[in-house]
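**Student:** Between the sequences and the hints, there should be enough to build the whole structure, so can you do that?
Position one of the sequence shown corresponds to residue 1314 (the working numbering), numbered consecutively onward.
Incorrect hints may appear among the rest.
For lysine-lysine, the following DSSO-like pairs were computed, each having C-alpha atoms within a straight-line distance of at most 30 angstroms [said to hold, decoys possible]: (1) Lys1584 / Lys1598; (2) Lys1317 / Lys1329; (3) Lys1577 / Lys1591; (4) Lys1329 / Lys1770; (5) Lys1764 / Lys1329; (6) Lys1584 / Lys1509; (7) Lys1577 / Lys1509; (8) Lys1598 / Lys1575; (9) Lys1509 / Lys1575.
Treat the hints as calculated values from the structure; they're not laboratory data. Remember, predicted model here, so these are calculated numbers, not experimental data.
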Amino acid sequence: GIAKATFRPADFHEVKLSGINYNSTYTTSNDFPTSTTTQYGTQVINQTLTASYTYDNPSDNLFNWSSSVYWNRVQEDQVKVAGSASSITGAIGNPRSFTIDTWGFDANNTSRFDAYGVRNAVTIGGEFFNDNVTNIDNYGFGDGYNPSGTRDVGGAFVQWQGNYSTWLEAIAAVRYDSYSLSGDDVSNSDSRFSPKFTLGVTPVSWFTLYGTYAEAFRAPTVTETLVSGAHPPAIPIVTCPDGSYGTFCFMPNPNLAPEVGKNKEIGVNIKYDDLFVKGDKIRIKANAYRNDVSDYIELVQYGRSRYGTTAYAQYQNIASARITGYEVESMYDTGTWFVGVNGTVTDGEDTSNGQPLSTIMPDNVAATIGLRLLDGRMTLSARWVAVAAVTAADLPTDSVYDPTGSFNLVSLYASYAPSENVRAAVSVENLLNEQYTQYQQFLPSAGLTFKGSLTIKFGDGHLAALSPTGFQK
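**Tutor:** See the structure below:
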């Protein structure tokens, strides 16, 4: 269920509260079910609480404030209901639990002033969040590949944006990031300052050319640092040093360092109205980028396990990696009908040996076409998504992941709003019921899926909504 409320205690002040509760019960397994395959009776609870406050007064150039606090819990409780006993999954009737608690806050303020013909905006802000992972499995090894631990991540930034006339925009910013991570006798921390610069030129009103240089800092996660033990299913291919057995062995990496990326990007934005007929709009965004990353985090195989023939799996730092790509977003909208095409092409390379990176997702393209009826109250649309195959040539020799085939998905969507305060929507996803497996996944993805939702507004804010419900074939 979803509950939302909006309060405006005074002009230009707004407080929003929201709560989301998701509860699902089902039976699942780590492999295709057989008489010996482990199956779990599973309950997943996902709860989120959010509160935000904004102050936005167009005549106040000193304060433009935005802030929020949030809490989220994802809890998965499982009981083994079928399958052979093993050191990884335990015996029938054995319980286990995995919980991630996250809380955090963010805040920023923008001040504006004019000087020497330049419109200036200075934004100062920061954020912090805490992840607390608590996993309990006293009978198997679920807390090995889902380890317990805590992570604190925080950052603060200052950004200046300047606009001159209608044709020039410049952005300069600096950000400070820090983190600390602990668990299983591991305690790591690090911090860094990262700059950003952007220059945009708009020679004509409908065309903007921009370039950006930005550095970024990414802290390793609890799982990336502490994961250990055998990977399910519990097929006795290899026995790990802790005594568990499975298809291969995870090894923790207490020395895993954060990533530092240095991204260069160039792109164009096109916004043109009344192109073919009065009232139509065309929007195009396209960019090319190259991100040079030091200490890139990659899941790799290395060595040979002590008690078997398969390699260990471990998250390791690659000294130097390069990620390049192209992205395009486009939409043409007449008001009555619309059509859009999006696409991404991404390549990644370990520059020390020329090997590809296994974390790069496959190229994809998506096309959407839609129609608005009943004075815009009803929208019908269809979406096609094509995802390229990942072949053995696209993977490094030490990759943990398997190649996957290409696939095409067709989905249909419909929505109807009889009034401003009521909106109903339905969708049919994977209409052709294509069987496919997404890259980096071991089991097939969802087949034919039906979803429906109903949203009702009271006043100017969302106070009640029925969350989407899905039925999969």
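**Student:** Go through the numbered hints given earlier and state which of them the structure violates, listing their numbers in rising order.
**Tutor:** Of the numbered hints given earlier, the structure breaks just one, which is hint 3.
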